[in-house]
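> Given the sequences, and given the hints that come with them, work out the whole structure.
Taken in order, these protein sequences are the chains called A and B. Sequence positions in the first sequence follow my numbering and run 4 to 527. Sequence positions in the second sequence follow my numbering and run 4 to 527.
No lab work stands behind these hints: they were computed from the structure. In this text, a Cβ means the ideal position worked out from N, Cα and C, and glycines have one as well. It is possible that some hints are incorrect.
[As the list claims (entries may be wrong)] Here are the simulated EDC-like cross-link-like pairs (lysine to aspartate or glutamate), alpha carbons at most 20 Å apart as the crow flies:
#1 A:Lys110 with A:Asp93
#2 A:Lys373 with B:Glu519
#3 B:Lys165 with A:Asp372
#4 A:Lys164 with B:Asp93
#5 A:Lys228 with B:Asp383
#6 A:Lys62 with B:Glu43
#7 B:Lys40 with A:Asp512
#8 B:Lys318 with B:Asp414
#9 B:Lys474 with A:Asp372
#10 A:Lys474 with B:Glu43
#11 A:Lys165 with B:Asp93
#12 B:Lys40 with A:Asp514
#13 A:Lys40 with B:Asp512
[Claimed, not checked] One-sided and incomplete, this derived list gives chain B residues near chain A with beta-carbon spacing under 10 Å:
#14 Pro118
#15 Gly231
#16 His391
[Claimed, not checked] Rough simulated footprint, nothing fancy, chain B against chain A, three-plus residues with beta-carbon under 8 Å:
#17 53-67
#18 394-406
Number of protein chains: 2
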Amino acid sequence: HLRVPAEEQQSGRERQGVLVPPNRDRLLQPLYLLPAKNGEEATMQFLLEVVDILTNYVKKTFDRSTKVLDFHHPHQLLEGMEGFNLELSDQPESLEQILVDCRDTLKYGVRTGHPRFFNQLSSGLDIIGLAGEWLTSTANTNMFTYEIAPVFVLMEQLTLKKMREMIGWPAGEGDGLFSPGGAISNMYSVMIARYKYFPEVKTKGMSAAPRLVLFTSEHSHYSIKKAGAALGFGTDNVILLSTDERGRVIPADLEAKILDVKQKGYVPLFVNATAGSTVYGAFDPINEIADICEKYNLWLHVDGAWGGGLLMSRKHRHKLNGVERANSVTWNPHKMMGVPLQCSAILVREKGILAGCNSMCAGYLFQPDKQYDVTYDTGDKAIQCGRHVDIFKFWLMWKAKGTIGFEQHIDKCLDLSQYLYNKINNREGFQMVFDGVPQHTNVCFWYIPPSLRGMSDSEERREKLHRVAPKIKAMMMESGTTMVGYQPQGNKVNFFRMVVSNAAVTQSDIDFLVDEIERLGQDL
Amino acid sequence: HLRVPAEEQQSGRERQGVLVPPNRDRLLQPLYLLPAKNGEEATMQFLLEVVDILTNYVKKTFDRSTKVLDFHHPHQLLEGMEGFNLELSDQPESLEQILVDCRDTLKYGVRTGHPRFFNQLSSGLDIIGLAGEWLTSTANTNMFTYEIAPVFVLMEQLTLKKMREMIGWPAGEGDGLFSPGGAISNMYSVMIARYKYFPEVKTKGMSAAPRLVLFTSEHSHYSIKKAGAALGFGTDNVILLSTDERGRVIPADLEAKILDVKQKGYVPLFVNATAGSTVYGAFDPINEIADICEKYNLWLHVDGAWGGGLLMSRKHRHKLNGVERANSVTWNPHKMMGVPLQCSAILVREKGILAGCNSMCAGYLFQPDKQYDVTYDTGDKAIQCGRHVDIFKFWLMWKAKGTIGFEQHIDKCLDLSQYLYNKINNREGFQMVFDGVPQHTNVCFWYIPPSLRGMSDSEERREKLHRVAPKIKAMMMESGTTMVGYQPQGNKVNFFRMVVSNAAVTQSDIDFLVDEIERLGQDL
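This is the structure we're talking about:
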C-alpha cells in the first residue's frame, strides 16, 4: 500500500490524515489520473487511498464501540461542517480534498451494516457482496445486451432459473428480470397481468379494456397502489383486503370483494398475496388465495420482496406454501438475504410474456443480424433501457455461501427474532402488537414507559403512547447507539417494528436494543 | 498490500495467480470473513486481493495493447471455461475460487472503458467516478429517507438545483430525482404531464380522462413509446413526428398532427423534444416546439438523456436553446458526462408535482413525527420505494473536475467527432448518412467495400450493403480490437454510428477505427 516515507510525513504536509507526498505535487490534481499520460501511478495511489478509507470504514462498521450514526440536522450539514462543503463549483478540487470529501461523506452517514442498525428490511454489509459491487462498478456495463455484458447476462439467467426452481415451477422454467427494487418488480407484475388478459391495452391504451380491479391486503406494500396509479388503473380500483389480527389476508373477504366488483360490472384482474408484509411480517395464505384466483381466473402475484428469502430455508419455506401456483413473484435478495442494495427480481411463470408486454424492438440496440444468438439480448423485456448490473454481487454471494449458507443465515435471523419475542413477551413495560410467535423476523411491540403503566386505556393514554416511539427513536439517533423503525398501523398508535436481516447481529445486540429502549424511555 | 513471504509462494500453493498463505487455511473460507470473530485480518486480506484484481483491470483498460473484449458465444460460456463455471451450488466455494471467479468475470467481459470501445452512448471509466461507486457500495444505503442517507439526500438536492440552473429555470427552482435510467426518467415526464392536466387519473384511472395523445419524433428514443404502453395510453396514441434529413423534428408537422388529433376529438397532452437523438445525435428545435406547446397548452418534455451534457459547454449549449421553456427535462450524466452507470435525472420545473403525482404516504417509512425536517424525505416522490444512491459518484466527479472540467471533456469529445467527420467525409469507401457537421458526437456512415463501389443503386446493392456493417462488427468483436454500433434507420440500410463520450479517446483511436473498418471490410 503506497505510503510516503516517515521523514516526509513529518514535514507538516500531513493534513487531515491524508498523506501528501511533497515531491509529487502533480499527484494532487484529478487531471493527472488516468487517462492522463503516465497517470498510472497517481491513479493507483489514489485508488488505494480510497480503499484505505473504505476498509477502515468496514472495520469500524463491525465494531460495536463505533456509533451507528453521527446525527446532524439538514441545516447543519447544509451550512457545511469543518472541511466538508457540499456545494459544487466551477473549479476543480485537489485529490487531497476529494479524499477528505470521501471520508466525511462516510462520517456523516449511517452505518447500515452496523450490528445495531435494525431500521430497515435491508441491513448488514456482506463482504463478498461488497467485493461484488466493487467489481460491478469497475466493469461499468449495462444489462441490455449480451454484446456488452456477456457474463452478467448469463449469470442473471442461471440465477433466475435457480430462483424459479426454489419457487417450485417445473424445471425452473419461466422468465424474469432483476429490476430496480421491489416496487418496480411489483409494477411489472401488474403490467404483465394486464397484458395477459388485455393485450390490446399495449397499443390502444386502457380504453380498450373494461374497468379493471386489483386486490391487495391492507397490510401490503404501498407499491401496489403506486403501480395502480402509474399504470392508469387508478387507486380507487386497487381494493384493499381485510386481514386477521396477524395481518394475513382473509380469503373469504377476497372472494366477497371479487363478487362485489363483478356485480358492479367491473373486471377483477389481479390479486397480490404478500409473503412477508412490511410491518407485521405476515404471510398471506397463498394456497387459499390461489384457489380463489383459479376459480375466478385472476392473475396471482406473490410479493415476496421481504419473505421470498425464506424459500432458501427448509425450516421456514412452508410459510410460502402455494407460491408455485403464482403467475409472478417478487423476491428481493437485497432484503432477507443480505445482498447489497439493490437486488430485486421479478419472476414470471409464463415465458415470453415479459417481452410481449414490453418489447419495442429498437433497431439501434437489438439488431436481429448480430453474430450471436440474440435471444440472449434481454433488454427489450424491460421498461428500462439501460439496466444496472445487479446480478453479480448476488451470484458471487451464492457461490461463496452456497444455498446452505443462505439457509443458515435465514434460520439464524429468525431464531434471533424468536429470542427477542421470548424476551419481551410478558416483560414489564412491553406489549406485543399481536399475539404469537412472529412468522418472519418482524417483532412489533409498544414500549410502555412507567408513567403510562398504571393508566387505563383512554384517548389520552393512546395519544401519549403514540408519542413514545418517536421520542425514543429521536434520542436513539441523537445518541447514535442503535436504530429501529416505528410506525402506526390502522388504528394502532406508533409502535416499534424490530427486524433482523444482518448476519452480524447476535443475542447481545438484541439485549442491547431492549436495554436502550428501557434506558431512553423510562422517564417519558 | 498483504502478500505471503516468498518461500511460501514457492510451496506450490500458488494457483491461478492467487496467493494462498499455507498456514492460514482458515482464510480460505468465506465463513471466516467479518462478521466472524477475529475476521478482520481475513477480510482485509480478501478485499485487498480483490482490489488488486480490480486495479490491474483498470490499468489494462487504458492500455491500447489490451483487447476490448475476448468474445465467446453464449453456449461456450455456459459450457464453462477452464476453472470458471457459472453454475450455482448448494455448497460454498473457497475464497481462492471466489477470486478466480472475479478475475474470470472480468476476463470474459467487455472493457467499456477502453479507448477503442465506441459501442454505446455510455463509455469510459472515470477514476473519480469509480472511487465514488466503490464508496457508494460500501455505504450501502437507500435514498428514500434523510434518516438513513442524510449526506446523499442533500447532495442530490444541491446537484439537481445546479442542473436546473444550467437548464435556465429561475434561481434553479423546481424539482427532480435521480432515476434508474433515461427510460424511467422519460416515463416520469409522461406521468407528471398526465397528473398536471388530469390529476383525477391517479385515483380513477385513465377512464377519467379523454383519449390522450403524446407526440415524439420518429428519431426519438423508444422509451416514449414504452411509457405510452406501460402507463395505459397505448402506443397508437404515441404519434411519431416527421423529421428533416438530419433527424430533427419539423415543427409544422407537429402542429399539423396536433390539429388532426384535435379534429378527431382526442386530446393532445405531451410533446417530447429530443436533445441529442440516439442514432443521429439530432437536436430538435426546442424554441419552435415550445411555441406550439404554448399555443395549444401542451406539456413540453425535453429528452436530453444524451444531449443534456452539452449544457455544460459554453460553445455547444446553444443547441439546446429553449430548454428553459420545457416543463421537464431528462438528462443522463452517465452518458455524455462520463459518470459511471447509472446516473439519470428527471428535472421538473414545477415544484411539488412529482410528490402530488406519486405520493402514497406510507406510514412505516415517511413518518410525519420524526425529529428532523421531513421535507427532506424524498422517497414518496418516486415510483420506486428503495432507490439506489446514484448521486455520490456524480457529485464527487463534479467536485474533482469543476464545471469547467465537464466543459473541457464535452468540447474535446465534440472536437474528436468533427475530426472523424473531416477524415471520412469524401474519403473513398465511406459515405455519410446525412450531410453536414454532426450536431453531437454521432457520426453516421456507411463503409462501402471495393466490391460495391462500382455498383449503381439497386435492391441488390442495398441488400449487400445492409450486410456489410454487421459482418464488420462481428469480425471486430471476434478480433476484439474495437467496437462500434450499427443499425438501420427508416429506409436506410445498416450503417455505423460512431459516438465519443470516453475521455480516454484520442485522434489516434479514431484513426485506428477507420483503419480497422477498412482492413476488415476490404474483401466483403
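> Would you mind marking each hint as holding or not holding in the structure?
Do the hints match the structure? See the list:
Among the hinted pairs, A:Lys110 with A:Asp93 is inconsistent with the structure: their alpha-carbon atoms are about 26 Å apart, more than 20 Å. Of the supplied pair hints, the one linking A:Lys373 and B:Glu519 holds, its CA atoms being roughly 19 Å apart against a limit of 20 Å. For the proposed pair B:Lys165 and A:Asp372, the alpha carbon gap of about 43 Å is over 20 Å, so the pair is violated. Under the criterion of a C-alpha separation no larger than 20 Å, the hint pairing A:Lys164 with B:Asp93 is consistent with the structure, at around 14 Å.
Taking the CA atoms of A:Lys228 and B:Asp383, the gap is about 12 Å. The hint holds against a cut of 20 Å. Under the criterion of a C-alpha separation no larger than 20 Å, the hint pairing A:Lys62 with B:Glu43 is consistent with the structure, at around 7 Å. Between B:Lys40 and A:Asp512, the direct Cα distance comes to roughly 15 Å. Compliance with the 20 Å bound is thereby established for this hinted pair. Between B:Lys318 and B:Asp414 the CA atoms are separated by roughly 8 Å; this keeps the pair inside 20 Å, and the hint holds.
Restraint check: the Cα-Cα separation between B:Lys474 and A:Asp372 comes to about 9 Å, which is no more than 20 Å; the hinted pair holds. Simply put, A:Lys474 and B:Glu43 have alpha-carbon atoms about 36 Å apart, too far for the 20 Å limit, and the pair is violated. Taken as a hint, the A:Lys165 and B:Asp93 pair is honoured in the structure, with Cα atoms around 11 Å apart against an allowance of 20 Å. Proximity of B:Lys40 to A:Asp514 is assessed by CA-CA distance (about 19 Å); at most 20 Å being required, the pair is judged to hold.
For the given pair, A:Lys40 sits about 15 Å from B:Asp512 by alpha-carbon distance, which is consistent with the 20 Å threshold. Taking 10 Å as the C-beta contact cut-off toward chain A, the hint placing B:Pro118 at the interface holds, the least distance being around 7 Å. Using the Cβ-Cβ criterion of 10 Å, the hint placing B:Gly231 at the interface with chain A is satisfied: the shortest such distance is roughly 8 Å. Evaluation of the B:His391 hint against chain A yields a held restraint, the C-beta minimum of about 5 Å falling below 10 Å.
Proximity of the segment 53-67 of chain A to chain B, defined as three or more residues with a beta carbon under 8 Å from a beta carbon of that chain, is established by the 9 residues found. With 9 residues having a Cβ less than 8 Å from any Cβ of chain B, the segment 394-406 of chain A passes the three-residue criterion, so the hint holds.
Hint compliance for this structure: hints 1, 3 and 10 are broken, all remaining hints hold.
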